[in-house]
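Q: The primary structure of each chain is shown beneath.
Number of protein chains: 2
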Amino acid sequence: MTATDGPLPVVTIENREGGGPFLIVCEHASNHFPSAFGTLGLSKSARVAHIAWDPGALALARALSGALDAPLVSAGISRLIYDLNRPPHAPGAMAAKSELFDVPGNAEISGNERARRTEQIYLPFHAALHDAIAHRLAAGRPPVIVTVHSFTPVYFGKRRDVELGIIHDADPEFAEAVLAEAEGRTGLICRLNDPYSAADGVTHTLRLQATPYGLAHVMLEIRNDLLGDGAAVAEMAARLAPVLRAALSRMVAKTGERAAH
Amino acid sequence: MTATDGPLPVVTIENREGGGPFLIVCEHASNHFPSAFGTLGLSKSARVAHIAWDPGALALARALSGALDAPLVSAGISRLIYDLNRPPHAPGAMAAKSELFDVPGNAEISGNERARRTEQIYLPFHAALHDAIAHRLAAGRPPVIVTVHSFTPVYFGKRRDVELGIIHDADPEFAEAVLAEAEGRTGLICRLNDPYSAADGVTHTLRLQATPYGLAHVMLEIRNDLLGDGAAVAEMAARLAPVLRAALSRMVAKTGERAAH
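Here the protein sequences line up with chains A and B, keeping their order.
Heads up: the first sequence at position 33 corresponds to 33 in full-length UniProt numbering, and the numbers run straight through without jumps.
Heads up: the second sequence at position 224 corresponds to 224 in full-length UniProt numbering, and the numbers run straight through without jumps.
Any given hint might turn out to be false.
Computed, partial: chain B to chain A, Cβ under 10 angstroms [to be verified]: (1) Pro87; (2) Lys97; (3) Phe101; (4) Pro142; (5) Ala231.
Estimated spans, in silico, between C-beta atoms of each pair [unchecked claim]: (6) B/Gly6 with A/Arg185: 32 to 42 angstroms; (7) B/Gly6 with A/Arg16: 25 to 35 angstroms; (8) A/Arg116 with B/Lys158: 44 to 54 angstroms; (9) B/Tyr196 with A/Arg16: 29 to 39 angstroms; (10) A/Gly66 with B/Ala253: 54 to 64 angstroms.
A short list of chain A residues far from chain B (calculated; beta carbon distances all over 10 angstroms) [stated by the list, open to error]: (11) Ala115; (12) Glu119; (13) Asp131; (14) Thr186; (15) Thr211; (16) Asn224; (17) Asp229; (18) Glu235; (19) Gly256.
Since the hints were derived computationally from the structure, they do not count as laboratory data.
Where is the CB? At the ideal position from N, CA and C, for every residue including glycine.
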């Protein structure tokens with residue numbers, strides 16, 4: 001890193017004191033390649049493609065953060081340098097191949113470089129998220145964790161019809177409530193644990209940050225052609241914010257019912 | 001904290017580069033009450049009792065760290081100020097009562113004080129442990145996590161006959177291997193998930209640090225009258241180090257067998 005680079009934009013926390021029940025996370029918010037890591041030998045077109053980030057996810061996460069008065073923890077570095085939703089020993093943490101693209105700078109990554117990215121990106125991002133969650137726990141306000149992702153409409157040449165994927169780690173309860181509300185309210189093609197599920201190793205953030213505390217959680221995957229511009233993002237946020245609120249009410253009511261019996 | 005206090009002794013890492021397969025953790029190593037937090041209104045006798053720390057646990061953890069060439073991550077502050085094996089929203093994180101003892105300084109703890117202890121003790125301890133684990137993962141050497149505790153022979157006036165408690169979080173495999181080896185090798189009264197189990201909320205460190213990565217793990221609970229002096233500790237370490245080594249071999253052999261079928 002040169003002296004003029006300044007600190008790495010690993011993590012940003014917006015609306016930190018947001019008083020709502022949710023805490024929003026966006027691990028794949030950015031396709032920034034800081035000069036400290038270079039461009040991994042990728043063409044410009046690869047660096048703006050879905051392999052480098054989740055297009056539209058940060059804008060949607062911000063709109064949800066505003067609508068729900070929720071803190072938002074987002075990353076500022078491309079997932080190809082370090083995929084924050086993967087543990088350091090997963091091949092996908094610093095993927096040598098992503099969908100149809102080779103990532104030359106990750107092809108023969110040294111142990112030192114793997115350790116450096118873990119130290120400089122993975123650890124500070126998850127420490128900041130852990131800090132935000134722990135403060136809510138200490139205050140007696142356990143947050144509901146919502147991670148916001150987008151996926152490509154065409155994957156390995158195949159069209160995906162699902163529009164909203166609703167994914168959970170160990171505890172399905174909140175995700176199931178989100179599915180029920182989303183099906184009733186949005187008109188989107190909604191599916192549980194599709195196009196990915198925990199079995200694909202895509203719930204690392206939830207597993208590391210939500211499950212150990214027994215926090216209600218969901219990972220939202222929105223097909224990125226539905227987040228193509230500001231108007232589309234605003235419309236999607238206006239659909240999804242009420243879904244999340246209603247899903248929480250539904251879950252709380254169910255828990256209360258169980259407690260009463 | 002006064003200017004002369006220096007940094008809080010929250011966490012110490014010994015033998016950081018230890019090349020063995022284990023990583024040892026000792027959350028209840030110390031009965032130190034830094035002046036920044038005071039003595040919580042406790043008498044001197046309460047501050048040396050088992051409620052303030054796990055007597056003998058650090059000495060045993062050090063001996064095991066040496067015998068197994070394992071990194072050791074230990075805490076330097078009494079569990080009554082913050083119990084690092086509890087999440088911030090658990091009553092037991094800053095317990096107002098521990099066994100027969102009232103803890104006056106925790107009786108009416110403010111939200112600010114709860115946040116301060118979480119920020120100054122819980123978060124940096126677990127960040128340091130996470131860092132040590134993540135580096136091992138990045139290097140392709142996932143560690144087996146062993147937490148070392150001791151328990152009082154008399155609890156609420158009742159004698160406990162168990163001498164070695166072997167406790168696990170979600171994955172029982174390594175703990176069951178430790179039990180089998182300990183029963184065959186030590187002559188101790190050994191029990192699985194006794195005198196406590198995950199259902200009692202005592203596996204927070206494992207749940208936060210080992211389970212999300214699928215790491216093999218065990219929590220060892222040794223009755224503290226068996227750790228009364230240096231000779232007793234050395235003898236216990238000499239019994240337990242071979243148990244841990246053999247348990248790991250047993251688990252690896254079993255995994256290999258499964259893989260071959």
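Q: All hints, please: hold or fail.
A: Structure-based check of each hint:
For B/Pro87, the shortest C-beta to C-beta distance to chain A is roughly 6 angstroms, which falls under 10 angstroms, so the interface hint holds. Hint on B/Lys97 is violated. Least Cβ distance to chain A is approximately 19 angstroms, over the 10 angstroms limit. Residue-level restraint check for B/Phe101 is violated (minimum Cβ-Cβ distance to chain A is 23 angstroms; threshold 10 angstroms). Because the smallest distance between the Cβ of B/Pro142 and any Cβ of chain A comes to about 6 angstroms, under 10 angstroms, the interface hint for this residue holds.
For the restraint placing B/Ala231 at the interface with chain A, the shortest Cβ-Cβ distance is roughly 38 angstroms, beyond the 10 angstroms limit, so the hint is violated. Restraint check, B/Gly6 to A/Arg185: a C-beta distance of roughly 56 angstroms breaks the suggested window 32 to 42 angstroms. Hint check: B/Gly6 to A/Arg16, Cβ distance near 29 angstroms, so the stated range 25 to 35 angstroms holds. For the pair A/Arg116 and B/Lys158, the beta carbons lie near 53 angstroms from each other, so the given range of 44 to 54 angstroms is met.
Between B/Tyr196 and A/Arg16 the beta carbons are some 36 angstroms apart, a value that agrees with the proposed interval 29 to 39 angstroms. Against the hinted window of 54 to 64 angstroms, the Cβ-Cβ separation of A/Gly66 and B/Ala253 comes to about 55 angstroms, which satisfies the hint. A beta-carbon of chain B comes within 10 angstroms of the beta-carbon of A/Ala115; the shortest separation is about 5 angstroms. Taking the minimum C-beta to C-beta distance to chain B, about 7 angstroms, the non-interface status of A/Glu119 is violated against the 10 angstroms cut.
A beta-carbon of chain B is positioned within 10 angstroms of the beta-carbon of A/Asp131; the least distance is around 6 angstroms. Remark: the non-interface label on A/Thr186 is consistent with the geometry, its nearest Cβ contact in chain B lying 31 angstroms away (cut-off 10 angstroms). The claim that A/Thr211 is not at the interface with chain B is violated, since a C-beta of that chain comes within 10 angstroms of its own (minimum 7 angstroms). Its beta-carbon lying about 28 angstroms from the closest one in chain B, A/Asn224 satisfies the requirement of being farther than 10 angstroms from that chain.
With a closest Cβ-Cβ approach of about 37 angstroms to chain B, A/Asp229 is found to remain outside the 10 angstroms limit, as its non-interface label requires. Every Cβ of chain B is farther than 10 angstroms from the Cβ of A/Glu235; the closest lies at roughly 35 angstroms, confirming the non-interface assignment. Every CB of chain B is more than 10 angstroms from the CB of A/Gly256 (nearest about 19 angstroms), matching its label as outside the interface.
When each numbered hint is compared with the structure, violations occur for hints 2, 3, 5, 6, 11, 12, 13, 15.
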